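With chain B's structure known, arrange chain P on it following the hints.
If you read the protein sequences in the order shown, they are chains B and P. If you're matching positions, the first sequence starts at 8 in my numbering and goes up one per residue. If you're matching positions, the second sequence starts at 8 in my numbering and goes up one per residue.
A couple of the hints might just be wrong.
Copies of the same chain are indistinguishable here, so a pair counts whether it falls within one copy or spans any two.
Below, computed lysine-lysine pairings styled on DSS-like, alpha-carbon distance capped at 30 Å [claimed, not checked]:
no., residue 1, residue 2
1, Lys70, Lys58
2, Lys188, Lys90
3, Lys58, Lys129
4, Lys153, Lys58
5, Lys190, Lys68
6, Lys90, Lys58
7, Lys146, Lys58
8, Lys71, Lys146
9, Lys30, Lys58
10, Lys71, Lys190
11, Lys30, Lys71
12, Lys70, Lys190
13, Lys71, Lys188
14, Lys30, Lys90
15, Lys188, Lys30
16, Lys146, Lys188
17, Lys30, Lys129
18, Lys30, Lys190
In short, the hints are calculated from the structure, not lab data. If you're wondering where the values come from, they're calculated on a predicted model, not measured in any experiment.
2 protein chains.
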Amino acid sequence: MVRQKIPATPSIRRLPSYLHIIKNVQSEGYEFISGTVIAQELDLEPIQVRKDLAITGIVGKPKKGYPVAALIAAIEHFLGWDKQKNAIIIGAGNLATALTGYQEFQFHGLNFVAAFDTDVRKIGSSIHGVPVFSLETLKEQVNNLKATIAIITVPSAYAQETADRVTQTSIKAIWNFTNVKLKLPRGVVCQREDLTSGYAMLSLMLNNTKPHRIKK
Amino acid sequence: MVRQKIPATPSIRRLPSYLHIIKNVQSEGYEFISGTVIAQELDLEPIQVRKDLAITGIVGKPKKGYPVAALIAAIEHFLGWDKQKNAIIIGAGNLATALTGYQEFQFHGLNFVAAFDTDVRKIGSSIHGVPVFSLETLKEQVNNLKATIAIITVPSAYAQETADRVTQTSIKAIWNFTNVKLKLPRGVVCQREDLTSGYAMLSLMLNNTKPHRIKK
Numbered sequence: 008m009v010r011q012k013i014p015a016t017p018s019i020r021r022l023p024s025y026l027h028i029i030k031n032v033q034s035e036g037y038e039f040i041s042g043t044v045i046a047q048e049l050d051l052e053p054i055q056v057r058k059d060l061a062i063t064g065i066v067g068k069p070k071k072g073y074p075v076a077a078l079i080a081a082i083e084h085f086l087g088w089d090k091q092k093n094a095i096i097i098g099a100g101n102l103a104t105a106l107t108g109y110q111e112f113q114f115h116g117l118n119f120v121a122a123f124d125t126d127v128r129k130i131g132s133s134i135h136g137v138p139v140f141s142l143e144t145l146k147e148q149v150n151n152l153k154a155t156i157a158i159i160t161v162p163s164a165y166a167q168e169t170a171d172r173v174t175q176t177s178i179k180a181i182w183n184f185t186n187v188k189l190k191l192p193r194g195v196v197c198q199r200e201d202l203t204s205g206y207a208m209l210s211l212m213l214n215n216t217k218p219h220r221i222k223k
Numbered sequence: 008m009v010r011q012k013i014p015a016t017p018s019i020r021r022l023p024s025y026l027h028i029i030k031n032v033q034s035e036g037y038e039f040i041s042g043t044v045i046a047q048e049l050d051l052e053p054i055q056v057r058k059d060l061a062i063t064g065i066v067g068k069p070k071k072g073y074p075v076a077a078l079i080a081a082i083e084h085f086l087g088w089d090k091q092k093n094a095i096i097i098g099a100g101n102l103a104t105a106l107t108g109y110q111e112f113q114f115h116g117l118n119f120v121a122a123f124d125t126d127v128r129k130i131g132s133s134i135h136g137v138p139v140f141s142l143e144t145l146k147e148q149v150n151n152l153k154a155t156i157a158i159i160t161v162p163s164a165y166a167q168e169t170a171d172r173v174t175q176t177s178i179k180a181i182w183n184f185t186n187v188k189l190k191l192p193r194g195v196v197c198q199r200e201d202l203t204s205g206y207a208m209l210s211l212m213l214n215n216t217k218p219h220r221i222k223k
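Here chain B stands alone, though its shape is the one from the complex:
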C-alpha cells in the first residue's frame, strides 16, 4: 500500500457529512452557510468545522459564512467527486446489492459498471442494473469498462486471492469490505471498511450507559 501524506483522516471523513448539510441548505434556497450552523448540526466545535473546511481551500467570510455553491464545488473537487469513476464490485451478494442500490454514491461520481462472482447462478444476472460476470473474465472486463476502483465484498477467506486478481489488472484502488488486512503491491491504495470497528464503538458506549463503568 502506498503510504502517502494526506490531511488528517477524521477531517476527511467528516467532509461528506458537511456536504450533505450544505446541499440541504442549498435546496432550501440559502446562498450562505456559517461554520457555526454546520457545527451545531453535527455536534462539533465551530473551530473544528472551519479547520476541516479549510482543507478544501475555501475560507468563510466574517459574518456571512461560506458561499454555499462554492463550498459544495470545493468539497467535491477536493474529494474528486466532481469526476465520474467506474467501479467494479467483486462478490455479488447482499452487501453488493446494498451498495449498488445506494443512490448517494451515484451523486458522488461512483459508477458501478460490473459485478463479478464465481457462482454460476449469479453470473449473467444483474443487481440494480449492474451486470454480473464470471470472475474469470475480470482482467478483460476491467480494460473494456475502464474501471479504476474495485470493491471487494467476498467472504473473508477469499479476500486476499481476490485482491491478488485485482492487482493483476490496471486497477489501483481497492475498497475492502472484508475483515482481512490485504497485502498489496506498492502503488495500490486501499480503504478498509470494517463493520466490527463500528460495532466495537457501539458496544463500548452501550457498556458505559450502565452503572458498572469500565476501568481506564
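Just chain P, lined up with the frame of chain B:
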C-alpha cells in the same frame, strides 16, 4: 446523545483487528504473541499496538509478549463482547440481509432477534432466520425480545422518525447506517456508520495516485 469520556476512538476501532489476528494465532496453536508481530500484520508502530492493548488492562511480558488466551479474553471483556446482546434491525432490505448474514457479529455476541419493516410483502418473512415484523409492533416486540440495540437501515428520509420510534422503547443504543445525524434524547448512544466517509478516503487516495497532487 450522551457525551461520555471513553478511550480514543481510533484505538477502540483497531481492537477488532487485533482480536482477529490474535484469534488466528491461537488457532495455529501459539500461546504468546508479541506486539511487534501484530504491528507488522497491520502496518502499525509497535508502540501504538502496545498502547492500544493497554486500554484493555493487559500488559505484555518482555521477550514473551502477550498470553494469547488472556489477551483475547481481555479485549472481549473490555468491549462487552463476552456477553450476548439482542439487536433488532429496522429496514429489512439488502443491507439488513448482509448484516444478519455476517457471521463475525455472532462471534462477538451480537444476536439479531427481529427485523422490522413497513412493507407488507416483507412482514412475516425472514432474513437469515430473523423474523420480519411490522414496524407497528416495535414497542411490544422490543419488550418481549429483550433487545438492547437497534440497527437502522431505512432510507435516509425515514431515519429520524425511525429513531424517534426507537427511543420510545427501552432501547438505549442505536447503530445508524443512514447518512442522517440523528437527534436523540440524552441517555441514548449512537454509532453512525457512514459509507460515504470511507468512499471519501478512497477517493482522495485515488486522486493522490495521480501526478496532479492535491494542495495542502
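Going through the hints against the structure:
no.	hint	result
1	Lys70 x Lys58	within (17 Å within a copy, 43 Å between copies)
2	Lys188 x Lys90	both (29 Å within a copy, 27 Å between copies)
3	Lys58 x Lys129	neither (47 Å within a copy, 45 Å between copies)
4	Lys153 x Lys58	neither (36 Å within a copy, 43 Å between copies)
5	Lys190 x Lys68	between (46 Å within a copy, 29 Å between copies)
6	Lys90 x Lys58	within (25 Å within a copy, 40 Å between copies)
7	Lys146 x Lys58	neither (42 Å within a copy, 42 Å between copies)
8	Lys71 x Lys146	neither (52 Å within a copy, 45 Å between copies)
9	Lys30 x Lys58	within (19 Å within a copy, 40 Å between copies)
10	Lys71 x Lys190	between (48 Å within a copy, 26 Å between copies)
11	Lys30 x Lys71	within (17 Å within a copy, 54 Å between copies)
12	Lys70 x Lys190	between (50 Å within a copy, 27 Å between copies)
13	Lys71 x Lys188	between (45 Å within a copy, 25 Å between copies)
14	Lys30 x Lys90	within (18 Å within a copy, 42 Å between copies)
15	Lys188 x Lys30	between (35 Å within a copy, 14 Å between copies)
16	Lys146 x Lys188	within (23 Å within a copy, 40 Å between copies)
17	Lys30 x Lys129	neither (37 Å within a copy, 33 Å between copies)
18	Lys30 x Lys190	between (38 Å within a copy, 19 Å between copies)
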